[in-house]
Amino acid sequence: MMTERTRTCPSDEGFRAELLAVLPHLRAFARGLSGRPDFADDLVQEAAIKAWSARDRYQPGTNMRAWTFAILRNHYLSELRRNKRQAAFDEGAAERLLVMEPDQEAPLHLGDMETALQQLTPERREAVLLVGASGFSYEEAAAISECPIGTMKSRVARARADLARILDTHPRTGATSSRTG
Amino acid sequence: MVGERELVLNQPSGRKNCGKVHELLPDVRKPREDGEPGWASGLRKLYNSVIEEPLPDSFQDLLKKLDDSDDD
Chain A
1 MMTERTRTCP
11 SDEGFRAELL
21 AVLPHLRAFA
31 RGLSGRPDFA
41 DDLVQEAAIK
51 AWSARDRYQP
61 GTNMRAWTFA
71 ILRNHYLSEL
81 RRNKRQAAFD
91 EGAAERLLVM
101 EPDQEAPLHL
111 GDMETALQQL
121 TPERREAVLL
131 VGASGFSYEE
141 AAAISECPIG
151 TMKSRVARAR
161 ADLARILDTH
171 PRTGATSSRT
181 G
Chain B
1001 MVGERELVLN
1011 QPSGRKNCGK
1021 VHELLPDVRK
1031 PREDGEPGWA
1041 SGLRKLYNSV
1051 IEEPLPDSFQ
1061 DLLKKLDDSD
1071 DD
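Here the protein sequences line up with chains A and B, keeping their order.
Using the working numbering, read the first sequence as starting at 1 and increasing by one per residue.
Using the working numbering, read the second sequence as starting at 1001 and increasing by one per residue.
Hints are not guaranteed to be accurate.
Keeping only pairs whose Cα atoms sit at most 20 Å apart, straight-line, the calculated SDA-like set for lysine to any residue is [stated by the list, open to error]:
| # | chain 1 | residue 1 | chain 2 | residue 2 |
| --- | --- | --- | --- | --- |
| 1 | B | Lys1065 | A | Tyr58 |
| 2 | B | Lys1065 | A | Ala17 |
| 3 | A | Lys50 | B | Ala1040 |
| 4 | A | Lys50 | B | Asp1061 |
| 5 | B | Lys1064 | A | Lys153 |
| 6 | B | Lys1065 | A | Lys153 |
| 7 | A | Lys153 | B | Asp1068 |
| 8 | B | Lys1065 | A | Ser137 |
| 9 | B | Lys1065 | A | Leu80 |
| 10 | B | Lys1065 | A | Cys9 |
| 11 | B | Lys1064 | A | Asp12 |
| 12 | B | Lys1065 | A | Ala54 |
| 13 | B | Lys1064 | A | Ser137 |
| 14 | A | Lys153 | B | Asp1061 |
| 15 | B | Lys1064 | A | Ala161 |
| 16 | A | Lys50 | B | Ser1041 |
| 17 | A | Lys50 | B | Asp1068 |
| 18 | B | Lys1045 | A | Ser53 |
| 19 | B | Lys1064 | A | Arg160 |
| 20 | B | Lys1065 | A | Val156 |
| 21 | B | Lys1045 | A | Ser137 |
| 22 | B | Lys1045 | A | Arg160 |
| 23 | B | Lys1065 | A | Ser53 |
Label-pair distances were calculated between CB atoms; the ranges are [unchecked claim]:
| # | chain 1 | residue 1 | chain 2 | residue 2 | range |
| --- | --- | --- | --- | --- | --- |
| 24 | B | Asp1057 | A | Arg165 | 33 to 43 Å |
| 25 | A | Gly150 | B | Asp1061 | 34 to 44 Å |
| 26 | B | Lys1064 | A | Ser154 | 40 to 50 Å |
| 27 | B | Ser1058 | A | Asn83 | 32 to 42 Å |
| 28 | A | Glu13 | B | Glu1036 | 34 to 44 Å |
| 29 | A | Ala161 | B | Gln1060 | 36 to 46 Å |
| 30 | B | Asp1061 | A | Pro60 | 20 to 30 Å |
| 31 | B | Lys1064 | A | Arg165 | 42 to 52 Å |
| 32 | A | Ile149 | B | Asn1048 | 17 to 27 Å |
| 33 | B | Asn1048 | A | Ala161 | 18 to 28 Å |
| 34 | A | Cys147 | B | Lys1064 | 28 to 38 Å |
| 35 | B | Pro1054 | A | Pro60 | 23 to 33 Å |
| 36 | A | Pro60 | B | Gln1060 | 23 to 33 Å |
Honestly, the hints are just simulated from the structure, not real lab data.
Cβ atoms here follow ideal geometry from the backbone N, Cα and C, with glycine treated the same way.
Please construct the entire structure, taking both the sequences and the accompanying hints into account.
This is how it looks when you write it as structure tokens:
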């Protein structure tokens, strides 16, 4: 079922291998951006198809991860605008916050971090995901987000401050001593 | 509602399910010895937990889609 093009162009195979290798990273980025696993996986698949369709514009040996992240990010923003999913997301985030309440006495879970992440503004969330989680440089992250480096640095700094504040004030019990490993 | 919660990382009430997504972040609010805030490692842990997930079955079709979408 392979197309003529795929059969006859070894570089396409190389591109596809690179693209498939970044899929888990795209999933993590999309999950962090949207907070919705189902939506995130749709985004990843659609972004992967867009990347494949645009593969002629990719320069082998450059940063496939940064290139595909930018595609996914742009697709995500266009989907938000088109489908107005932001409203649905906000409802979901509020719902998860309510769900947090019974577990306040416990040390923080990854879910706490996820909840805190989803409380950030979209720009700051994106920035801290790119720099703090994905490991991109400020320069790479700025290119992905199509903003000046200074703006990216500012967003990351504010996101970090927000996360520290949210996670510091989140628990009612101050359970920092509840160390369980 | 519950179904959606089961899909996301945030499952604070599901203690009996002690998979990696429930990993505790005991010092997330305190600076670590290396000076990095605890939440910074927590953020990477959250991120990496998704990277380490096996791809869902729905991604099996992606290869076919890639082969079929030869439109550019």
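Structure-based check of each hint:
1. B:Lys1065 / A:Tyr58: 19 Å, holds
2. B:Lys1065 / A:Ala17: 15 Å, holds
3. A:Lys50 / B:Ala1040: Answer violated: Lys50 (chain A) to Ala1040 (chain B) is near 32 Å, above 20 Å.
4. A:Lys50 / B:Asp1061: Satisfied, since the Cα-Cα distance of roughly 15 Å is no more than 20 Å.
5. B:Lys1064 / A:Lys153: Answer violated: Lys1064 (chain B) to Lys153 (chain A) is near 40 Å, above 20 Å.
6. B:Lys1065 / A:Lys153: 38 Å, violated
7. A:Lys153 / B:Asp1068: 41 Å, violated
8. B:Lys1065 / A:Ser137: The hint is violated at about 32 Å.
9. B:Lys1065 / A:Leu80: Not OK: Lys1065 (chain B) and Leu80 (chain A) at ~23 Å, beyond 20 Å, violated.
10. B:Lys1065 / A:Cys9: The given pair, whose Cα atoms are some 17 Å apart, holds under the 20 Å limit.
11. B:Lys1064 / A:Asp12: 14 Å, holds
12. B:Lys1065 / A:Ala54: 14 Å, holds
13. B:Lys1064 / A:Ser137: Roughly 34 Å separates the two Cα atoms, so the pair is violated.
14. A:Lys153 / B:Asp1061: 38 Å, violated
15. B:Lys1064 / A:Ala161: 44 Å, violated
16. A:Lys50 / B:Ser1041: 32 Å, violated
17. A:Lys50 / B:Asp1068: 12 Å, holds
18. B:Lys1045 / A:Ser53: 32 Å, violated
19. B:Lys1064 / A:Arg160: Violated, at about 41 Å.
20. B:Lys1065 / A:Val156: 36 Å, violated
21. B:Lys1045 / A:Ser137: Roughly 19 Å separates the two Cα atoms, so the pair holds.
22. B:Lys1045 / A:Arg160: 16 Å, holds
23. B:Lys1065 / A:Ser53: 11 Å, holds
24. B:Asp1057 / A:Arg165: 33 to 43 Å: Given about 40 Å between the Cβ atoms, the range holds.
25. A:Gly150 / B:Asp1061: 34 to 44 Å: 42 Å, holds
26. B:Lys1064 / A:Ser154: 40 to 50 Å: 43 Å, holds
27. B:Ser1058 / A:Asn83: 32 to 42 Å: Since the Cβ atoms of Ser1058 (chain B) and Asn83 (chain A) sit about 19 Å apart, the hinted range of 32 to 42 Å is violated.
28. A:Glu13 / B:Glu1036: 34 to 44 Å: 40 Å, holds
29. A:Ala161 / B:Gln1060: 36 to 46 Å: Holds, since Ala161 (chain A) and Gln1060 (chain B) (Cβ atoms, about 42 Å apart) stay within the stated range.
30. B:Asp1061 / A:Pro60: 20 to 30 Å: 26 Å, holds
31. B:Lys1064 / A:Arg165: 42 to 52 Å: 46 Å, holds
32. A:Ile149 / B:Asn1048: 17 to 27 Å: 26 Å, holds
33. B:Asn1048 / A:Ala161: 18 to 28 Å: 23 Å, holds
34. A:Cys147 / B:Lys1064: 28 to 38 Å: 36 Å Cβ-Cβ, so the 28 to 38 Å window holds.
35. B:Pro1054 / A:Pro60: 23 to 33 Å: 28 Å, holds
36. A:Pro60 / B:Gln1060: 23 to 33 Å: Distance hint for Pro60 (chain A), Gln1060 (chain B) holds at roughly 26 Å.
When the structure is compared with the earlier hints, violations turn up for hints 3, 5, 6, 7, 8, 9, 13, 14, 15, 16, 18, 19, 20 and 27 and for no others.
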